[in-house]
Amino acid sequence: MEVTRQEAGEFRSRQLMARDMLRGTLEGDDLDRYVEQAVMTTTLDRAVAWAQGNSIYPLTFGLACCAIEMMSIVAARLDIARFGFEAFRASPRQADMIILSGRVSMKMAPVVRRIYDQMLEPKFAISMGACCSSMGVFNNYALIPSDKFLPIDVHVPGCPPRPEALAHGILKLRDKVQFHERDGWRERYGAVGTEETVGA
Amino acid sequence: MSAVSDYRRREESVTMSSESAGMGETHELLTLNIGPHHPATHGVLRLIATLEGEVVRDIKPIIGYVHTGIEKTAEQKPYWKVIPVVERMDYLSYYFNAMAYCGAVETLLGIEVPPRAQYLRVLHLELNRIMSHLVWLGTSALDLGAMSMFWYCFRERETILDLFEMSSGQRMHTRYFQVGGVIEDIPVGFAQKVRQFIDAMPSRADQYADLLEKNEILLSRLRDTCVLDEQTLLGLGVTGPLLRAAGNPWDLRKAAPYSSYDHFDFKIPVGTVGDNYDRFRVRHAELYESTKIIGQALDGLPEGPHIVADRKVALPPRHELATSMEALIHHFKLVTEGFRVPEGECYYPIECPRGELGCFVRSDGSAKPARVHMRDPSFINLQAAAPMVKDAYIADLIATLAMVDPVLGGVDR
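Protein sequences appear in the order of chains A and B.
Numbers given in the numbering used here equal positions in the first sequence, counted from 1, plus 3.
Reminder that position 353 of the second sequence reads as 336 in the numbering used here, one-by-one numbering, no gaps.
Treat the hints as calculated values from the structure; they're not laboratory data.
Note that beta-carbon positions come from the ideal geometry of N, C-alpha and C, so glycine has one too.
Check each hint, because a few of them may be wrong.
Said to hold, decoys possible - Covered by chain A, according to a simulated footprint, are these stretches of chain B (three or more residues, beta-carbon under 8 Å):
hint: 1; region: 43 to 53
hint: 2; region: 63 to 77
hint: 3; region: 133 to 145
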């Protein structure tokens, strides 16, 4: 970070103030104000959430039409790398986020669920497109909405959504991860107590 | 395998590929599951591969992971509401899906599509063909390790999608083709944008060739790999670039012209050997030919209506609804019930980026089709994957799958 002349001067004066404080010159209100200025407080959870939100690895996982638009977010025009979501991982064990890009058929649903289960916590899911959220224009025997078998964090509407819409959904997910109380899918879906513990 | 390259000989000198299974106690066949979630399968294709060492002895494609019930859904909708459903079938060639279906319904209705609509259709079909080939080229090159091709191809793809958005308002699944013509005339400035694109496209395609054709790795992986002769391909019903790569110049745009394709001057690129390299070259050459067709369609774009004047089939123009009671009734009938199609059945084949895309429609005289079936080239061409990769290396399986270019949405429907 570039330090301006003014900032450098301020820093110097704070150092002097700290020295004064050690001498016992700062007391009472002055001391409180100094602490307010110089110390930023946060919780460990929030610091971790900030880091997690900025380093989400999506899973390389395409289903149908939306997968083509999902590929477009990596391409030059939108370039999701600007926000740090370009590192697509082919293995579910390395991925943090699954984008269900397209229609989920009855045959595919167990596979999707299994892939999601193989991902490590914390993990997030984005349902991209109408088919995946509500079976879209088809709405027939062959498809299943993703909410029936997977805890979805963000739904992106569209048929297929523009790459910009997906990027917006991803940034919404980032906001959710960083600034909202983490309400895990187990809480939302009433699945508390289903955690598997190693070596139990 | 007929022709063996130096690369292959070098490889074979260090492997144990010649020993067949069951010959000794140390060798056995390995069954490997690839997919349905695998980045190299171009969708949710699942392959059961039987391997002997590194050599593929057999593959069995297992499909149905994106089965969407599109053909069944089509039976439950009025004719004109089926168009968006069939468009989502092969999701890289949506204009072609709509064209095959609309063509079949128009044949049943006995409608003559206005010349301007036919030219506009050709224009969009060829733009779509380039777009589909660009996605194929980008992702195939990615499979073969050429990362930057993906960005170049998607750069041009975005330009084409901008054009689609300009003429129809959507990037994908545009529903631009309507029974009897196209839904709207092209907007002001569209022709100019298309011209800018077709001026730039040949040099861009040259760039792709410069990047790929001088790449030793890519050439070694494509040349003389997974050859399949013309007769076997014909026997399997394979069409499109795969068949043309084997030297058979079968292209429905020439063989059975539709939508005034006989007005245009273009060539059919064919291969000589029928290996993966020819499959790559044929599609790459088609980029130029499609660009030529688009230019001719723009030059010769006839004046006139963009959709038939028959109010029983095509929606009346918006302004007529405010003044004409008759137009209002037609509008109401079309939107609520749709139009009725005389009894009969029709098969309408067109040349899609992957081969012969045919649409079979059977009508029972009502406003909904009794049966809609699509002969999707991805489904048929996928059969050829197994004979192609037999006795090839597993790395060649990935390259071949990329060159077969199956779109699983079309395979499973």
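Quick check: the region 63 to 77 of chain B, covered by chain A? Criterion 3+ residues, Cβ under 8 Å.
With 5 residues close enough to chain A, the hint holds.
Under 8 Å between beta-carbons, do enough residues of the region 133 to 145 of chain B, three at least, approach chain A for the coverage claim to hold?
Satisfied; 6 residues make the cut.
Three or more residues of the region 43 to 53 of chain B near chain A by CB distance under 8 Å?
holds (count 7)
The structure agrees with every numbered hint stated previously.
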